[in-house]
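For reference, the chains in residue letters:
Protein chains: 2
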Amino acid sequence: MRILYHLPLSPYARKVRLVLAEKRLPFELRLEKTWERRPEYLALNPAGTVPTLTEENGLVIPHSNTICEYLDEAYPDISLVGRTLGERVEIRAVTAWFDERFAAEVSRNLLYEKTMKPVAKRGAPDAARLREGYAALRLHMNYIGHLAETRKYLAGANLSLADFAAAAHLSALDFIGDVDWAAAPAAKEWYARIKSRPSFRALLADRVSGFNPPPHYADLDF
Amino acid sequence: MRILYHLPLSPYARKVRLVLAEKRLPFELRLEKTWERRPEYLALNPAGTVPTLTEENGLVIPHSNTICEYLDEAYPDISLVGRTLGERVEIRAVTAWFDERFAAEVSRNLLYEKTMKPVAKRGAPDAARLREGYAALRLHMNYIGHLAETRKYLAGANLSLADFAAAAHLSALDFIGDVDWAAAPAAKEWYARIKSRPSFRALLADRVSGFNPPPHYADLDF
Chain W
1 MRILYHLPLS
11 PYARKVRLVL
21 AEKRLPFELR
31 LEKTWERRPE
41 YLALNPAGTV
51 PTLTEENGLV
61 IPHSNTICEY
71 LDEAYPDISL
81 VGRTLGERVE
91 IRAVTAWFDE
101 RFAAEVSRNL
111 LYEKTMKPVA
121 KRGAPDAARL
131 REGYAALRLH
141 MNYIGHLAET
151 RKYLAGANLS
161 LADFAAAAHL
171 SALDFIGDVD
181 WAAAPAAKEW
191 YARIKSRPSF
201 RALLADRVSG
211 FNPPPHYADL
221 DF
Chain X
1 MRILYHLPLS
11 PYARKVRLVL
21 AEKRLPFELR
31 LEKTWERRPE
41 YLALNPAGTV
51 PTLTEENGLV
61 IPHSNTICEY
71 LDEAYPDISL
81 VGRTLGERVE
91 IRAVTAWFDE
101 RFAAEVSRNL
111 LYEKTMKPVA
121 KRGAPDAARL
131 REGYAALRLH
141 MNYIGHLAET
151 RKYLAGANLS
161 LADFAAAAHL
171 SALDFIGDVD
181 WAAAPAAKEW
191 YARIKSRPSF
201 RALLADRVSG
211 FNPPPHYADL
221 DF
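So the sequences go chain by chain: W and X.
The numbering of the first sequence is the UniProt record's numbering, which starts it at 1 and goes up by one.
The numbering of the second sequence is the UniProt record's numbering, which starts it at 1 and goes up by one.
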């Protein structure tokens, strides 16, 4: 059986779960408490991060973008990385924007401080980082809205990995109640479209002890 | 003409310069002082980072891995991302290790503090970050040595993007005299092989005002 090692609030693991579901590839989800640094897991992925995917043939694939590129090459029927060179450039660039820039400016400051730090017993959230994260999130929401108003999906006319990368980060932030949807109607309209896809259902059913998602989290008409 | 916007000590721009040279693709190098946040450059690459590649047909490609994936797809004669699914997974995972983990633990702490921070007038290097960077560099040099002793190149039997990613980071650190080669003979042996490739020549000829690389920097028999 294909296994995905994950943490429920990891945006990178969420992105891979969405890609697997979009491609209709069955998999077993396994919780990996990365802060415990389990030797068996470090043998699979020396970086010790989630996600890691293992295939039934024994192939071990660490790192979310390595996994997504692999899945698009191994199971190309439903492509999420684009067809033409130009489409592929745009999709990869927008995906990297969310997985690197949005991650550093927003997810690192909000998600990590509020969820990973307490769980990994690394102290209380840092107030300066939270302020920085909320300020950056407002700018990014405007940028998402701008993209969603000028093209159908975030990286162009077609649904792609870029939409799932962005939605993965936002869904984890939404779980902890940190997204002010009322202030970003264009981004909200785009997110509602992505969130209503069948691939999103498993994410909306996630429960994490110690956290209560807001009522709109799993509501498709929020 | 193909143009690469770069900074001489950016490991990401150096990686792309190596890939372009390995693929024998001619290009013009243009210095982009990213801290000036030139509006014309931000229009090409909203992240404002280097590198960005522009093709003669007008295609604009930001982000080093997006550029490398594009170059491997557009000019596949000399492939640097592997042939089989398994090779491609390993090459991308090792490349990501250097571009993300090595970058965060070493390059961010040493290169950024010592070169970018003064140039961008963001204050003096932070002593705690320098200490952290040197300690992490020692561990990473051992890991590179371990990889180089157990396989011919860092991601397997063939030279790949992973070697150029690692060599790009190390070459920039070597330029500022931060690599203790005597303490890491296996890593040094691997690096000497990569450094002696013709694609490396332009990097070894780099000069940056305010910095004097150590005598061994451009010496192939260092």
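There may be inaccurate statements among the hints.
Cut-off 20 Å, straight-line C-alpha distance, at most; resulting in silico cross-link-like pairs (SDA-like, lysine to any residue) [to be verified]: (1) 117/W <-> 23/W; (2) 23/X <-> 37/W; (3) 117/X <-> 117/W; (4) 23/W <-> 49/W; (5) 23/X <-> 76/X; (6) 117/W <-> 105/X; (7) 117/X <-> 159/W; (8) 117/X <-> 48/X; (9) 117/W <-> 104/X; (10) 117/X <-> 22/X; (11) 23/X <-> 159/X; (12) 152/W <-> 104/W; (13) 152/W <-> 189/W; (14) 152/X <-> 22/X; (15) 33/X <-> 76/X; (16) 23/W <-> 189/W; (17) 33/X <-> 122/X; (18) 23/W <-> 85/X.
Calculated directly from the structure, the hints in this document are not laboratory data.
Would the hint linking residue 33/X and residue 76/X be met if the CA-CA limit is 20 Å?
Status violated; Cα separation ~31 Å.
Given the hinted pair residue 117/X and residue 159/W, is their Cα-Cα distance within 20 Å?
violated (39 Å)
Holds or violated: residue 117/X to residue 22/X, with C-alpha atoms at most 20 Å apart
violated (31 Å)
Given the hint that residue 23/X pairs with residue 159/X, does the C-alpha gap stay at or below 20 Å?
holds (13 Å)
Does the alpha-carbon distance linking residue 152/X and residue 22/X stay inside the 20 Å limit?
Distance ~18 Å between residue 152/X and residue 22/X Cα, so the pair holds.
Hey, residue 117/X versus residue 48/X, does the alpha-carbon distance stay inside 20 Å?
holds (16 Å)
Straight-line alpha-carbon gap residue 23/W to residue 49/W, limit 20 Å:
violated (23 Å)
Pair hint residue 152/W and residue 104/W, alpha-carbon separation not exceeding 20 Å:
violated (26 Å)
Do the alpha carbons of residue 117/X and residue 117/W lie within 20 Å of each other, as the hint requires?
violated (28 Å)
Taken at face value, is the distance from the CA of residue 104/X to the CA of residue 117/W at most 20 Å?
Roughly 18 Å separates the two Cα atoms, so the pair holds.
For the pair we were handed, residue 23/W and residue 189/W, check the Cα-Cα distance against 20 Å.
violated (24 Å)
Do the alpha carbons of residue 23/X and residue 76/X lie within 20 Å of each other, as the hint requires?
Judged against 20 Å, a Cα distance of about 9 Å means the pair holds.
Figure legend: structure checked against the earlier numbered hints; hints not met, in rising order: 1, 2, 3, 4, 7, 10, 12, 15 and 16.
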